[in-house]
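Asks: For reference, the chains in residue letters:
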Amino acid sequence: MVSGASFAKDDNRSAALRTAETARFEAQVNADAAKLGKLLDDGLEYTHSNGDLDTKQSFIESLTSGTRDYISSVATIETVRIFGDVGVIRGKAKVTVGGKDRQPQDLHIGYTDIWLWKDGRWQMTAWRSMRMPDSPVK
Amino acid sequence: MRPLVLLLLVLLPHFAWASPRGDEASARAALLARFDAALRADVAALDTLLADDLEYCGVSATCSTKDQYLESVRSGTRKFRSLAPKIERVRLFADSAVLTGKVYAVSIGDGTERNVDAYFLVVLAWRDGRWQMTNQSSTLLVDKPK
Chain L
1 MVSGASFAKD
11 DNRSAALRTA
21 ETARFEAQVN
31 ADAAKLGKLL
41 DDGLEYTHSN
51 GDLDTKQSFI
61 ESLTSGTRDY
71 ISSVATIETV
81 RIFGDVGVIR
91 GKAKVTVGGK
101 DRQPQDLHIG
111 YTDIWLWKDG
121 RWQMTAWRSM
131 RMPDSPVK
Chain H
1001 MRPLVLLLLV
1011 LLPHFAWASP
1021 RGDEASARAA
1031 LLARFDAALR
1041 ADVAALDTLL
1051 ADDLEYCGVS
1061 ATCSTKDQYL
1071 ESVRSGTRKF
1081 RSLAPKIERV
1091 RLFADSAVLT
1101 GKVYAVSIGD
1111 GTERNVDAYF
1121 LVVLAWRDGR
1131 WQMTNQSSTL
1141 LVDKPK
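Going down the list, the protein sequences come from chains L and H.
With the first letter of the first sequence counted as 1, position 109 gets the number 109 in the working numbering; the numbers rise by one all the way through.
Take any residue in the second sequence, note its place counting from 1, add 1000, and you have its number in the working numbering.
Hint data in this document are derived by calculation from the structure and do not stem from the laboratory.
Nothing here was measured: the structure is a model prediction, and the numbers come from that model.
For every residue, glycine included, the Cβ atom is placed at its ideal position computed from N, Cα and C.
Heads up, a few of these hints could be off.
[Stated by the list, open to error] Capping the alpha-carbon separation at 25 Å, the derived lysine to any residue pairs in SDA-like fashion look like this: (1) H:Lys1102 with L:Thr22; (2) L:Lys56 with H:Gly1101; (3) L:Lys56 with H:Ser1064; (4) L:Lys9 with L:Lys38; (5) H:Lys1086 with L:Arg90; (6) H:Lys1086 with L:Gly51; (7) L:Lys118 with H:Thr1100; (8) H:Lys1066 with L:Thr79; (9) L:Lys9 with H:Arg1091; (10) L:Lys118 with L:Ser65; (11) L:Lys38 with H:Ala1094; (12) L:Lys100 with L:Lys9; (13) H:Lys1102 with L:Tyr46; (14) L:Lys94 with H:Leu1141; (15) H:Lys1066 with L:Thr76; (16) H:Lys1066 with L:Ile77; (17) H:Lys1086 with L:Leu53; (18) L:Lys92 with H:Ser1072; (19) H:Lys1066 with H:Phe1080; (20) L:Lys94 with L:Gly51; (21) L:Lys56 with H:Leu1141; (22) L:Lys56 with H:Val1142; (23) L:Lys56 with L:Leu116; (24) L:Lys56 with L:Gly66; (25) L:Lys94 with L:Lys9; (26) L:Lys94 with H:Ser1064; (27) H:Lys1086 with H:Ser1026.
[Claimed, not checked] Quick list of the computed label-pair ranges, beta carbon to beta carbon: (28) H:Asp1067 with L:Ala8: 22 to 32 Å; (29) L:Thr96 with H:Asp1023: 36 to 46 Å; (30) H:Thr1065 with L:Ser14: 30 to 40 Å.
One chain only, chain L, in its complex shape (with noise of 0.2 Å):
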């Protein structure tokens, strides 16, 4: 019985966070600072392909303010996986990103992001991404 419950309970969860996942990425595209503030945690760490480190502040902010621009976002999740109240996705995306001087480039990238579900919703809280062999290095 209790196993049942729980089960649901992680189906549920894991439902929700690939909700999470999709609208985290659209709210990048859209630079929507306010939808970003719910999903990501205070204490994100953000690890860009080419090593670039930001905390949630300058995240939202280098989106807001046009230094970083993504243009589009195609993302494939592959695995979702759920640990009590800490949920691990992997997965594969199609970046098109660009901003105050810089010129849009084109990445395709494995990333994996850790979210904790945190006063009734999911929240990122680390993000680490790899550029594939396809990608340029710069």
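Starting from the known structure of chain L, fit chain H onto it as the hints suggest.
Replies: Below, chain H alone, put in the same frame as chain L:
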């Protein structure tokens, strides 16, 4: 009285199985042991330190299962001259831990050595009374002009 005894009999195995989760020090120790075992190519130690559902994603975005990872160590495809990890942050949750930091590595392949310095993101799961690594994802650390 009898219902109480029955309830205890039902609940007791759950308490017996539930071992207290490790602390920050043990999570750090487990990850350092994993890096050390990788450096020594100690497949038996890695088999214990890695979770069966491991996802190991290297800097080239190629991900391996536990079996694939262990085979790469066993065959010498994955081999290191040195591995110097620096754990920068440890976050503990109910039955998992998230660790981030940098690792300065010199890998050996095809008779050549290569510096592979990277940021790592590791997820440990508390299972069978010990930490087991269930995900590692790395991003190349790029030196940038100041």
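Asks: Each hint needs a verdict: does it hold in this structure or not?
Replies: Tested hints:
{"no.": "1", "hint": "H:Lys1102 with L:Thr22", "in the structure": "29 Å, violated"}
{"no.": "2", "hint": "L:Lys56 with H:Gly1101", "in the structure": "18 Å, holds"}
{"no.": "3", "hint": "L:Lys56 with H:Ser1064", "in the structure": "30 Å, violated"}
{"no.": "4", "hint": "L:Lys9 with L:Lys38", "in the structure": "22 Å, holds"}
{"no.": "5", "hint": "H:Lys1086 with L:Arg90", "in the structure": "24 Å, holds"}
{"no.": "6", "hint": "H:Lys1086 with L:Gly51", "in the structure": "16 Å, holds"}
{"no.": "7", "hint": "L:Lys118 with H:Thr1100", "in the structure": "20 Å, holds"}
{"no.": "8", "hint": "H:Lys1066 with L:Thr79", "in the structure": "15 Å, holds"}
{"no.": "9", "hint": "L:Lys9 with H:Arg1091", "in the structure": "23 Å, holds"}
{"no.": "10", "hint": "L:Lys118 with L:Ser65", "in the structure": "28 Å, violated"}
{"no.": "11", "hint": "L:Lys38 with H:Ala1094", "in the structure": "22 Å, holds"}
{"no.": "12", "hint": "L:Lys100 with L:Lys9", "in the structure": "44 Å, violated"}
{"no.": "13", "hint": "H:Lys1102 with L:Tyr46", "in the structure": "14 Å, holds"}
{"no.": "14", "hint": "L:Lys94 with H:Leu1141", "in the structure": "21 Å, holds"}
{"no.": "15", "hint": "H:Lys1066 with L:Thr76", "in the structure": "22 Å, holds"}
{"no.": "16", "hint": "H:Lys1066 with L:Ile77", "in the structure": "20 Å, holds"}
{"no.": "17", "hint": "H:Lys1086 with L:Leu53", "in the structure": "17 Å, holds"}
{"no.": "18", "hint": "L:Lys92 with H:Ser1072", "in the structure": "23 Å, holds"}
{"no.": "19", "hint": "H:Lys1066 with H:Phe1080", "in the structure": "18 Å, holds"}
{"no.": "20", "hint": "L:Lys94 with L:Gly51", "in the structure": "18 Å, holds"}
{"no.": "21", "hint": "L:Lys56 with H:Leu1141", "in the structure": "20 Å, holds"}
{"no.": "22", "hint": "L:Lys56 with H:Val1142", "in the structure": "21 Å, holds"}
{"no.": "23", "hint": "L:Lys56 with L:Leu116", "in the structure": "14 Å, holds"}
{"no.": "24", "hint": "L:Lys56 with L:Gly66", "in the structure": "16 Å, holds"}
{"no.": "25", "hint": "L:Lys94 with L:Lys9", "in the structure": "31 Å, violated"}
{"no.": "26", "hint": "L:Lys94 with H:Ser1064", "in the structure": "21 Å, holds"}
{"no.": "27", "hint": "H:Lys1086 with H:Ser1026", "in the structure": "15 Å, holds"}
{"no.": "28", "hint": "H:Asp1067 with L:Ala8: 22 to 32 Å", "in the structure": "31 Å, holds"}
{"no.": "29", "hint": "L:Thr96 with H:Asp1023: 36 to 46 Å", "in the structure": "44 Å, holds"}
{"no.": "30", "hint": "H:Thr1065 with L:Ser14: 30 to 40 Å", "in the structure": "20 Å, violated"}
The structure does not agree with the numbered hints 1, 3, 10, 12, 25, 30 stated previously, though it agrees with the rest.
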